[in-house]
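Read left to right, the sequence shown gives residues 1 to 194 (this note's numbering).
Wrong hints could be hidden among the right ones.
[Stated by the list, open to error] Heads up, simulated SDA-like pairs for lysine to any residue below, C-alpha to C-alpha not over 25 Å straight-line:
| no. | residue 1 | residue 2 |
| --- | --- | --- |
| 1 | Lys94 | Val29 |
| 2 | Lys71 | Arg23 |
| 3 | Lys156 | Ser146 |
| 4 | Lys94 | Arg149 |
| 5 | Lys156 | Ser168 |
| 6 | Lys75 | Lys51 |
| 7 | Lys142 | Lys154 |
| 8 | Lys128 | Ser146 |
| 9 | Lys127 | Arg84 |
| 10 | Lys71 | Arg5 |
| 11 | Lys63 | Lys156 |
| 12 | Lys71 | Asp157 |
| 13 | Lys51 | Lys127 |
| 14 | Lys102 | Thr125 |
| 15 | Lys127 | Ala155 |
| 16 | Lys127 | Val112 |
| 17 | Lys128 | Asn178 |
| 18 | Lys132 | Glu70 |
| 19 | Lys127 | Asn83 |
Calculated from the structure, these hints are not laboratory results.
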Amino acid sequence: MINRRNQALIIRESNEEEENCWRSMKKFVDAIIEALHDDLEDQLKEMSLPKEFKARIREMNGKQLILVYEKELFKTDINSVENRLSIPLNQMRKEFLTEREKVKVQEEGMEVQLLQPSLEVCTITLKKWQMKPTCFLYVLTKQWNSVVRDNSLKAKDFVQVWSFRVGSELRFALVRRNIEDEEDKENEEEDQEE
């Protein structure tokens, strides 16, 4: 026979199990919501890709578009002695490499096609560098000086680095964004709607 004390223990254990179940369910639901939010954010970013880039990537049969990184260019990014665009791993928006590519980039680097702001395509090298024991960067290098020169890139230009794939082959798009012009255009569109 179950006495009151044992009955209270059974009820308490049952409540704890139920509470643990709800905690697990909440974690699961929170993870789904976060994933949906990330997907929505990615879709909104894709919509912000200029239409001429979307069209060019479509012409190339590009898929799996990912906004990897965005930054204001520094003097070091356009310095011909440096000859590289750095992408700190801790500032990337989303991982874009397969496991096999990660190994290749770290060991020897890999050549990738880059769709430049001019919409011309060139080949550039992607490598992984270690700056400090805990600081890692991806860098676009080798032909970076040509990209800077051919596209008249300068310090304080705001750029986005997008990855996409043609088949299984990794490619990049470098988009120069003129934030002031885009804000002016948005304001003009709002004024026209009123």
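- Query: If you draw a straight line from the CA of Lys127 to the CA of Asn83, is it 25 Å or shorter?
  - Reply: Answer holds: Lys127 to Asn83 is near 13 Å, not above 25 Å.
- Compare the distance between the alpha carbons of Lys51 and Lys127 with 25 Å, and conclude whether the hinted pair is satisfied. violated, 29 Å
- Message: Can you confirm whether the C-alpha distance between Lys127 and Val112 stays at or below 25 Å?
- Response: Answer holds: Lys127 to Val112 is near 10 Å, not above 25 Å.
- Message: Checking one constraint from the list: CA of Lys156 to CA of Ser168, max 25 Å. Satisfied?
- Response: violated, 34 Å
- Message: Hint check: Lys132 vs Glu70, CA-CA at most 25 Å. Holds or violated?
- Response: holds, 22 Å
- Query: Does Ser146 lie within 25 Å of Lys156 when you go C-alpha to C-alpha?
  - Reply: holds, 18 Å
- Item | Straight-line alpha-carbon gap Lys127 to Ala155, limit 25 Å | holds, 22 Å
- Item | Proposed proximity, Lys51 with Lys75 (alpha carbon, max 25 Å) | Violated, at roughly 29 Å.
- For the pair supplied as a hint, Lys128 and Ser146, is the alpha-carbon distance within the 25 Å limit? Answer holds: Lys128 to Ser146 is near 20 Å, not above 25 Å.
- Has the given pair, Lys71 with Asp157, been kept, meaning a C-alpha gap of at most 25 Å? holds, 8 Å
- Lys102 and Thr125: Cα distance at most 25 Å? holds, 13 Å
- Task: Take the C-alpha atoms of Lys127 and Arg84, compute the straight-line distance between them, and say whether it is at most 25 Å.
- Result: Status holds; Cα separation ~10 Å.
Hint check: violations occur at hints 2, 4, 5, 6, 10, 11, 13 and 17; the rest are consistent with the structure.
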